[in-house]
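K.L.:
Below are the chains, spelled out letter by letter.
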Amino acid sequence: MSLVIRKSTVEILCAAKWIFRRDCRLLSTLPEKTEIVVDEKERIPGRKTRSYNPILENRHVYPEFLPDPNPNWRNSLREKMERADMLKRRSQIDIPEFYVGSILAVTISDPHAQGKTNRFVGICIERKGCGLRAEFTLRNVVDHQGIEVRYELYDPTIQSIQVLRLEKRLDDKLLYLRDALPEYCTFPLDMDPEILPEGTPVPINPVQVKLKPRPWLERWERQELKGVSNIEEHLKEKDRVRRELRKTPWEKYDLMKNYRKTIPAEEQSEIWNEVYNQLQQMRVSRKKMSRKRTVTTPKTQLA
Amino acid sequence: MFRSLINKLIPVQSCGFHTTSCLNEVQLLTRLRVVDNSEIGKRAMAEGKPPKVICVYNKKRVGYIGDRVLVAIKGQKKKGILVGLKQTQKVKVPKFDSNNVVLIDDNGTPLGTRIHVPIPTILRTILKEKTHAKGADYTKLLGIATRFV
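Sequence lines, in order, name chains A and B.
Using numbering that gives the first Met the number 0, you'd call the opening residue of the first sequence number 0 and step up by one each time.
Using numbering that gives the first Met the number 0, you'd call the opening residue of the second sequence number 0 and step up by one each time.
Keep in mind that the hints were calculated from the coordinates and are not lab data.
Given the structure is predicted, the values throughout are model-derived calculations rather than measurements.
Hints are not guaranteed to be accurate.
[Claimed, not checked] Here are some chain B residues pointing at chain A (derived, C-beta under 8 Å):
#	residue
1	56
2	93
3	96
4	113
5	115
6	117
7	121
8	124
9	148
The beta-carbon is built from N, C-alpha and C at its ideal position, and this holds for glycine as well.
In isolation and in its complexed conformation, chain B is listed as follows:
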């Protein structure tokens, strides 16, 4: 009886680890959601096998909005651009309920012809900065977006 009373008084002590909410970072082996209408992306999402990140092309190896990633999708390696994150964002940048990716090829041309979710407008600036004159042109992705938030 006495012990149960003590247990009731000090219930918190039994839990030795801290339980804060997770950061939802995009890193190695994170599952993403393909939001364009490319054939491979549509089939992968329909089969319930969403792509996994196998590389994030930046120094930190943590994907932020507008970063280029290499994904494993249906046994193939494809490149993609992160267009929406679950993570807490800066002021005025939208935070999405899922980690969204748009598949591109090496030149930056999207594989699909349409994106069926809204795209953050900050990508206009970010993708413009990432595009080099003779390298890949990532701003083509903005042309197939349907809506900006």
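Isolated chain A, as found in the complex:
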């Protein structure tokens, strides 16, 4: 009797696991963006079975609209007000779609030199925070000196954010560029923007960087990085043994961990239904404006 019960519970658990895993894949906000794309390509014949919700795809484009999943920090009223503030700010300034690995140019008004602006170009190596506290870090090498600047996305002193090259990289954080050879993060300050044709998916840059010899800032060998080519050259036997010991291969099967890291689909769709229309309107009106501008500028030049 007890055996039968146990068996049945195990079966139920397995089924639940299967369903959950699918769900979690669908809902994960932060990492494995690249993996998801690959998955979809593989599963094109069986895709109809899965409910594909286009509104949930916004989580990659506007990740800061989702609140922090930590239940201690949730407050529905504050989140709602923050979202309204974010939309207000977005109606003032064009905050484009960008990802970790894209090259941005940020212009801020400089409070330390009156009436002047400060422009910085660099590759986005990290994007974190949610709500009005969302921030991103740009890195560049200027005059053989590595420089990083952290900006808040909804900072009122930002005058413009321009995407010079829209692309993704293989990892979801590029902090290892600090230990890479300087040519991998050197970008000219007067770079021209590269325009992608409309409707193309965001390209993934498969470049693999070379690290400088040790000492490093972090133990990159333990982080399973895909964008580094020569990590094995610098390792000793000791490091390889320790890497094996510290591995946590069970973590990708940890359903609760995955669940706590993400916002559930019902809550997400509620949020997106609230903000999607306004975001879409802004996008359309921006497109119209840019088209008008491209038409009008040559005329004025002719006149």
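Chain A is already provided as a structure; the job is to place chain B on it using the hints.
P.N.:
Relative to the frame of chain A, chain B by itself:
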């Protein structure tokens, strides 16, 4: 066999101390990088003997951006101003890959004639605040900078 299995299950316990990344603070005996073209600074950097901090002139004794430091460089004592730090900075303040210093004399006049790396713009405000009417004038340093970020 059993022991090895247990060791594999609990690998973390063997390490008794915590391993967070360091703060990269500028304090006593920190090595700095001279970024101006003063003769003494250039020679010290070329010989591979970068200056050491022997005093930070503030109450906390930890150097932040724009602070005055006393450094030991090639057997001499010189004053300098920190113009770029490795430490995590506030929003919109650049974080550099090395701790940079510009050498000055007692009046605040830089020893070199040029700074060959970018300088954070926040130094304009900080150095203006630190300058007193009759004391040293540190804003001369801004005149020899080539680029601001």
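K.L.:
Against chain A, is residue 113 of chain B within 8 Å by beta-carbon distance?
P.N.:
Result: violated, 12 Å to nearest chain A Cβ.
K.L.:
Quick check on the hint: residue 117 of chain B CB to chain A CB, less than 8 Å?
P.N.:
5 Å, holds
K.L.:
Is the hint on residue 93 of chain B kept, meaning its closest Cβ partner in chain A is under 8 Å away?
P.N.:
Holds, about 5 Å.
K.L.:
Per the CB criterion, is residue 124 of chain B less than 8 Å away from chain A?
P.N.:
For residue 124 of chain B, the interface hint holds, since the closest Cβ of chain A sits about 5 Å away, which is under 8 Å.
K.L.:
Are residue 56 of chain B and chain A close enough, Cβ to Cβ, to be under 8 Å, as the hint says?
P.N.:
22 Å, violated
K.L.:
For the hint on residue 115 of chain B, just tell me whether its beta-carbon gets within less than 8 Å of chain A.
P.N.:
6 Å, holds
K.L.:
Quick check on the hint: residue 96 of chain B CB to chain A CB, less than 8 Å?
P.N.:
Interface hint status for residue 96 of chain B: holds (3 Å vs cutoff 8 Å).
K.L.:
Was the hint right that residue 121 of chain B lines chain A, CB cutoff 8 Å?
P.N.:
6 Å, holds
K.L.:
Can you verify the interface hint for residue 148 of chain B: is its Cβ closer than 8 Å to any Cβ in chain A?
P.N.:
Because about 6 Å separates residue 148 of chain B from the closest Cβ in chain A, which is inside the 8 Å limit, the hint holds.
In summary, the structure is inconsistent with hints 1, 4 from the numbered list given earlier, while agreeing with the others.
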